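> Chains as they are written, first to last, in my numbering: chain Z, 37 to 216; chain B, 37 to 216.
The hints are simulated quantities; they were obtained by calculation from the structure and are not laboratory data. Among the clues, some could well be false.
Where chains are identical, the list cannot tell them apart; a pair therefore holds if satisfied intra-copy or between any two copies.
What the hints assert, rightly or not - Capping the alpha-carbon separation at 25 Å, the derived lysine to any residue pairs in SDA-like fashion look like this:
(1) K140 to E191
(2) K70 to E191
(3) K115 to P193
(4) K68 to H114
(5) K115 to R79
(6) K64 to F195
(7) K70 to L139
(8) K68 to Q194
(9) K68 to S141
(10) K70 to V60
(11) K115 to S179
(12) K70 to E213
Computed from a prediction, not measured in an experiment: that's the story for all the values here.
In case you want the letters, here they are:
There are 2 protein chains.
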Amino acid sequence: MVLFLYKFIMMRQLTNEEHGRLDVEGFKAADKNKIIIILDNIRSLNNIGSIFRSCDAFRIEKLILCGISTPPPHRDIHKSALGAELSVEWQYFEHTTDAIINLKSKGYHVFAVEQTTLTIPLNEFNAEGPLAFVFGHEIHGVSPEVLAVCEAAIEIPQFGTKHSLNVAVSVGILLWEIIR
Amino acid sequence: MVLFLYKFIMMRQLTNEEHGRLDVEGFKAADKNKIIIILDNIRSLNNIGSIFRSCDAFRIEKLILCGISTPPPHRDIHKSALGAELSVEWQYFEHTTDAIINLKSKGYHVFAVEQTTLTIPLNEFNAEGPLAFVFGHEIHGVSPEVLAVCEAAIEIPQFGTKHSLNVAVSVGILLWEIIR
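Extracted from the complex, chain Z is given alone in its bound form (with noise of 0.2 Å):
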């Protein structure tokens, strides 16, 4: 009962300005982690919404949407991003092999996140220097001419009945994997 009350009263839930998070202006001068995030063909505002809230909570450098990949504003986007597309910095790309062909002669390694014929355990992933993580389409996944530019591909280990966890879910776990 003492434990509890200790509890009860101890551990709560941090106010907003404990948080002690950044603002849009302090997180656009802060240093990011050198890691960018391309969206190849992704279709759902929800998902893309939740994707630049996790690359703002990873503070990474930048988004990029290609293809059908609706970029910001766009008020489903807010609805899931909650802001976070404010602070990101985000590009637009009509075509992901562009995106990738210019990221490369910018020194950036570019990996594929897709289950294919030749793919590295996420957990068994090592890379120095700049990086970029390529996601696929809700239900097609990374198309073959995109896995083609991409230096390998990265799978995230899964042991159940589903072929693939949410893009969203994937988008974090991997930031998380690289940065933690």
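Fit chain B to the supplied structure of chain Z, relying on the hints for placement.
Relative to chain Z, chain B alone:
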């Protein structure tokens, strides 16, 4: 060009058969990770469906839905769970505290995933034995009376402008970190 062609031919997405996933009967019969996820009043059916999919992918023991967290069957859960609500064992409790007290009586260590005044960063978390993790409402988080019956709180370190990650993303990151 040769490398491009090599990768175009060799590095292709796995076919459905090549994934070698379990069917629902195989999943139910398989050994599980001794982990239970508890949802304390999660509102979004999209989040619930996505969480079912992560529980399937990481083959955990059970998902417990509490309070306003809608249990299956529901069309909108099915839409994001893609059928994982049929493989993953689940249970419903009206009161989250009842679910936790029940698990504690069976020897589970129950942790809230919440940013509190007394929190263990996820990368420093280490525990043995059967584990359960409580995730709270999208806006209000884990409620004080639920926090009080948990052993401790775990937090996913975050470095951006927003207070928190999407709840389905948080579940995915936690499961990956425990199981990887």
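> Compare the structure with each hint and give your call.
Hints and how they fare:
1. K140 to E191: Close inside one copy (21 Å), not across copies (35 Å); limit 25 Å.
2. K70 to E191: both (20 Å within a copy, 23 Å between copies)
3. K115 to P193: between (30 Å within a copy, 23 Å between copies)
4. K68 to H114: Within one copy only: 22 Å inside, 37 Å across.
5. K115 to R79: Close inside one copy (16 Å) and across copies (14 Å); limit 25 Å.
6. K64 to F195: between (39 Å within a copy, 12 Å between copies)
7. K70 to L139: within (12 Å within a copy, 42 Å between copies)
8. K68 to Q194: Classified as between: cross-chain Cα gap 13 Å, same-chain 30 Å, threshold 25 Å.
9. K68 to S141: within (20 Å within a copy, 45 Å between copies)
10. K70 to V60: within (19 Å within a copy, 41 Å between copies)
11. K115 to S179: Cα proximity of K115 and S179: across copies only (23 Å, versus 28 Å in one copy).
12. K70 to E213: Intra 14 Å, inter 22 Å, cutoff 25 Å: intra and inter.
In this structure, none of the earlier numbered hints is contradicted; all agree with it.
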